[in-house]
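Visitor: The task is simple: from the sequences and hints, build the whole structure.
These protein sequence lines map, in sequence, to chains S and V.
First residue of the first sequence? That's -17 in our numbering, and the numbers climb one at a time after it.
First residue of the second sequence? That's 163 in our numbering, and the numbers climb one at a time after it.
Everything labelled a hint here was simulated from the structure, so no lab data went into it.
Everything numeric in this text was worked out from a predicted model, so none of it was measured.
Mixed in with the good hints there might be a few duds.
Here are the simulated DSS-like pairs of lysine-lysine, each with C-alpha atoms no more than 25 Å apart in a straight line [said to hold, decoys possible]: (1) V:K397 to S:K37; (2) V:K397 to S:K69; (3) S:K49 to V:K397.
To give an idea of the interface, some chain S residues facing chain V are shown, with a C-beta separation under 8 Å as derived from the structure [said to hold, decoys possible]: (4) I32; (5) P46; (6) H48; (7) K49; (8) F50; (9) R53; (10) A56; (11) V61; (12) F77; (13) A80; (14) G81; (15) A88; (16) F89.
Positions of the beta carbon are idealized from the N, C-alpha and C atoms, including for glycine.
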Amino acid sequence: MLEVRDIFVSYGNRDVLRDISLTLEGGKMIALLGANGAGKTTLVRALNGILPVSKGEILIDGKPFHKFSRREIAQKVAVVAQENETKFPVTVLEFVLAGRFASGGAFGWESEKDFTASENALLSCDLASFSDRFMNELSGGERQRVVLARALATEANILLLDEPTANLDLAHQGSMFRLIRERCRTGKYSAIVITHDLNLAAEFADEIVLLKDGRICAKGAPSDVLTVGNLVEVFGVRVLLDANPASGKVRVTTVY
Amino acid sequence: MQEGVAVKNIRINSSRTALRYGGMLVLLLAAALVAAALLGSEKLSFFDLSEEQRAILFDIRLPRILLGAAVGASLAVAGAGLQSLLRNPLAEPYLLGVSNGAALGTMLAFIFFEQFEFSRPVMAFGGASLATFAVYQMAKSRSGMNVERLVLSGVIVTTFLSSIIVLVTSLLDATKLRSFTFWLLGDLSQATLNGFYISLIVGIIGTIVMTSQAKALNLMMIGERDAGDFGVEVKKVRLLVFGAASAMVGTAVAASGSVGYVGLIVPHLIRLAFGSDNRLVVPFSAIAGAIFVVLADTVARVAISPRELPVGAITALIGAPLFIYLLRRN
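Guide: So this is what it looks like as structure tokens:
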């Protein structure tokens, strides 16, 4: 379980995040929404301890962050960051195995367990035949799935995903969210997902957190948060709301 | 997960690969050392050495060959480590100005503490560290570090240090000047056994430190941010790699001047042959770097025999075109 208590994060003397509190229980999937620059990525980077908080505290399973080493946090929290490219010829398998750094060892060769975890991750991301391909030969969407596979290979229970569907086609957007939700449904995992797709968030998330200018402007069940008033306030656009005929969940239509 | 659905399996038995190919490289190094010992302006055979030939072999040629091996290994390992750390296959001690920093340190030690031979590698290490720090600070920006910024920062530091070196050399008298210009280009002809011992010890320690960080470097090479996310203590790794690289470049330059491009060519070839895993790239670069410089120096000794070329001229002749090729492919 991840608990965030009244945290502030600042760059220099400018507060980018103010007074953020939220709780991520096991089995839950939270979607983090907000306009560009609202502080979503900053929040995710604070939630795995890479960015220090200036006030407040973050606890994993009741224990505050500063009691964990970098490795220990990485064993519990895995990140799917926005893509970045490497100039070295790294294979998909090597890339995914890198996710085993925290739970495997800092030295030596990978163990049988490391390989098994990586292969399972590749299988669940629909990448079984890709293991010996080079990362720089893949399409953007394929790379994005490999990045997810690396996070799954860590076997960390808390997943933080920063726009995991940004480069994906329609089918893979759905299957990525379904995969994350299924993991959470087992109760062992939980996830915070940044996305710009309000409808995917409404469809899959248990809870939505709406960020505006570094503060939480609304949080709760999708149907409570995705209201015309909130969306006008956060995004400044007019929207129509109805129900998705297939699932009955909230559906957001932008009026241009 | 379903039983029987196998991921396309390319698991390599890494420790066996490391032993097999590492062993082959060691054999190649042994062959290169023997060939280098026998070739030269005076050709030697294994047997029937005259007194004079023995002196050539043990007092002149062997220290030079062994020093070449230690210098080559140090420079190649420093290059491999810096490339992964800076996420840039073009990073190289010579091109980043690290070698020039070490050269300036050596010269200052030579001028102010001439009687203490040991002051040269120490001051060279200091110069190399300062140059590394300067380039790193200049090249990094909030959005990370791109190829152009890094290469440009290297050029700036290199030229700045070169001008100071020119200033210092112009204050020296003419006889010293000639040996200095030769040495600046990378020259093994002044090899001593003491120089070799220092280079060997620092080279071995540096290679061990760098190899110990190889797994972390595999993550750093993919992305510094990602590496932190997945449990690498980025600052500690950076300090160890910069420290090891500066020490190795420092001692190498103090003993033999700026032998350029070794740190570019050797890791590149190793990656072509064995892939990008630093647990292989770093130790293999050490052996291959030794082979490369020993062979290059043999060419430098025999090409226009009885006169000699500085070994740095040979390595640059091979390295510069490779650099252009890599830059274009980038």
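Visitor: Taking the numbered hints from earlier one at a time, note which ones the structure violates and give those numbers from smallest to largest.
Guide: 5, 6, 7 and 8
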